[in-house]
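Visitor: In order, the protein sequences belong to chains A and B.
So my numbering is basically just the index in the first sequence, starting at one, shifted up by 384.
So my numbering is basically just the index in the second sequence, starting at one, shifted up by 118.
Bear in mind the hints are in silico, worked out from the structure with no lab data behind them.
Among the hints, erroneous ones may be present.
As the list claims (entries may be wrong) - Taking lysine-lysine pairs in the DSSO-like style, the calculated list, with each CA pair at most 30 angstroms apart, reads:
id, chain 1, residue 1, chain 2, residue 2
1, A, K404, B, K391
2, A, K625, B, K313
3, B, K391, A, K625
4, A, K386, A, K440
5, B, K313, B, K303
6, A, K533, A, K625
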Amino acid sequence: MKILVPIKRVIDANIRVRVKSDSSGVETANVKMAMNPFCEIAVEEALRIKEAGHAKEVIVVTVGGSQCQETLRTALAMGADRAILVETDVAVQPLAIAKLLKGVVEKESPELVILGKQAIDYDNSQTGQMLSALLGWGQATFASELDLKDGSIDVTREVDGGLETISLKLPAIVTTDLRLNEPRYVKLPNIMKAKKKPLNVFSTDDLGVDVTPTLTTLKVEEPAERSAGIKVADVSELVDKLHNEAKVI
Amino acid sequence: MSILVIAEHDNNDIKPATLNTITAATQLGDDVRVLVAGHNCSAAATAAASIAGVTGVSHADNAQFEHVLAEEIAPLVVSIAGDSTHILASASTFGKNIIPRIAALLDVGAISDISSVISDDTFIRPIYAGNAMATVQSSDPIKVMTIRSTTFDAAANEGGSASIENVEVLASPGLSSFVRQELTKSERPELTSAKIIISGGRGFGSEENFALLDEVADKLGAAIGASRAAVDAGYAPNDYQVGQTGKIVAPDLYIAVGISGAIQHLAGMKDSKVIVAVNKDEEAPIFEVSDYGLVADLFQVLPELSAALDEIN
Numbered sequence: 385m386k387i388l389v390p391i392k393r394v395i396d397a398n399i400r401v402r403v404k405s406d407s408s409g410v411e412t413a414n415v416k417m418a419m420n421p422f423c424e425i426a427v428e429e430a431l432r433i434k435e436a437g438h439a440k441e442v443i444v445v446t447v448g449g450s451q452c453q454e455t456l457r458t459a460l461a462m463g464a465d466r467a468i469l470v471e472t473d474v475a476v477q478p479l480a481i482a483k484l485l486k487g488v489v490e491k492e493s494p495e496l497v498i499l500g501k502q503a504i505d506y507d508n509s510q511t512g513q514m515l516s517a518l519l520g521w522g523q524a525t526f527a528s529e530l531d532l533k534d535g536s537i538d539v540t541r542e543v544d545g546g547l548e549t550i551s552l553k554l555p556a557i558v559t560t561d562l563r564l565n566e567p568r569y570v571k572l573p574n575i576m577k578a579k580k581k582p583l584n585v586f587s588t589d590d591l592g593v594d595v596t597p598t599l600t601t602l603k604v605e606e607p608a609e610r611s612a613g614i615k616v617a618d619v620s621e622l623v624d625k626l627h628n629e630a631k632v633i
Numbered sequence: 119m120s121i122l123v124i125a126e127h128d129n130n131d132i133k134p135a136t137l138n139t140i141t142a143a144t145q146l147g148d149d150v151r152v153l154v155a156g157h158n159c160s161a162a163a164t165a166a167a168s169i170a171g172v173t174g175v176s177h178a179d180n181a182q183f184e185h186v187l188a189e190e191i192a193p194l195v196v197s198i199a200g201d202s203t204h205i206l207a208s209a210s211t212f213g214k215n216i217i218p219r220i221a222a223l224l225d226v227g228a229i230s231d232i233s234s235v236i237s238d239d240t241f242i243r244p245i246y247a248g249n250a251m252a253t254v255q256s257s258d259p260i261k262v263m264t265i266r267s268t269t270f271d272a273a274a275n276e277g278g279s280a281s282i283e284n285v286e287v288l289a290s291p292g293l294s295s296f297v298r299q300e301l302t303k304s305e306r307p308e309l310t311s312a313k314i315i316i317s318g319g320r321g322f323g324s325e326e327n328f329a330l331l332d333e334v335a336d337k338l339g340a341a342i343g344a345s346r347a348a349v350d351a352g353y354a355p356n357d358y359q360v361g362q363t364g365k366i367v368a369p370d371l372y373i374a375v376g377i378s379g380a381i382q383h384l385a386g387m388k389d390s391k392v393i394v395a396v397n398k399d400e401e402a403p404i405f406e407v408s409d410y411g412l413v414a415d416l417f418q419v420l421p422e423l424s425a426a427l428d429e430i431n
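Please model the entire structure based on the sequences and the hints provided.
Guide: Encoded structure:
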């Protein structure tokens, strides 16, 4: 089978983001970008399924500007077979992304689509669920373990109360949680090889999707600052403060 | 405005996060209907009808809703959405799982994790792990969204007298089925609604050591949380994780023990009223957000804390 892995380019998880002084957004100029960590887990899982002999091809796809080719090349260097860029300068929102991905799914006919459970920029956690709805497929969000069966997949999900396992008919959508796997490091020779792997570019018009946003960001501000308090000398002072000053115990 | 809230429940009671979501709903309008979908959940429907501010309850009771699979619940919500202007659920794993699916079926965007309601179409939500707050305005005809429960008060469990209507059940799409669950059993309060939380991090070094938190937690009546590092290392189960990608909490008292304070962890707890940090590294970033910091070895602090709590109790 084929596995499609939609990925996203975001500000590197180790960078402390700064709000722009004009409140229009966060500073992205000259900031280190990287593949969203949950997307790396998605790519890794697809590769492991292929390496276990259960998939023939892993295709990665992203939606964004031409610089997103770099992120796709990273996924190719990890081991994905080919890449698709749906190129646009619009900051496309999750529903329109899901519609574009639906177009890609219709062209490629994968049996499994694996996405990150959320991107660490807007923390939406929407795209996988929306794509499932549009395709009429089953969804397993926040996955920590996959077990492929004949015509179905069992997925263990990290839910608020613990773990839950559900079974989905294939084709299906899975979104990855942190503990599904630990993504591999990219090796230098593979970076060279990745440059020769196919990368196709489509426009949003090719896929016939209107990507006009419906959610307008009016302003972006710093969160309320929390100031550091005091240091206490020992446990008895701590308990005294909590009991008599803060009155929380 | 006509607001539909999708309740999370255990067949008998409505979960606390849904009570916070109902408060957000009452800020949008006076007509607040609650959907209680499940199997043998009429007690939960009755409980929903008595919540202050609720004006109607839709009760969908069928075996196919027992495990609240998104594939079953989303079409049900769409079928009863009617003239709803807003559809809300809490930003729990339950709400995050179903809300985007509902939005896509309705061909509208979804708005995640709303922390304030400004007007019926304008909301504030955290982005970048809470390092920025975005004010967003939606032009969609129906606003479909999840609510960050820590920033809204809980609606009162009594005072309402809504009527309950039974909802016609649709045929199951048959896309998914429940296999099993392994829920963490605990007598302690639920993490997202606890008044006191004590959390442990990498500093514990092992699962056995992590259990040192139990005694103090029990004396405080606290829930136990964990940093991602502690969960990844296997010291604590996944549902203990507090942070950007885990649970968002805001208790009256949050005690962070052996947690350095990565941005992703702070994102999950920095709205707590009082924060205590215990860490032997005085440079740990957790001290930058703590009201009371104690630079000390947690293995000395926890037994002392346990003894000191006996004295004040």
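Visitor: For each hint, tell me whether it holds in the structure or not.
Guide: Results of checking the hints against the structure:
no. : hint            : verdict
1   : A:K404 - B:K391 : holds, 28 angstroms
2   : A:K625 - B:K313 : holds, 17 angstroms
3   : B:K391 - A:K625 : holds, 14 angstroms
4   : A:K386 - A:K440 : holds, 6 angstroms
5   : B:K313 - B:K303 : holds, 19 angstroms
6   : A:K533 - A:K625 : violated, 57 angstroms
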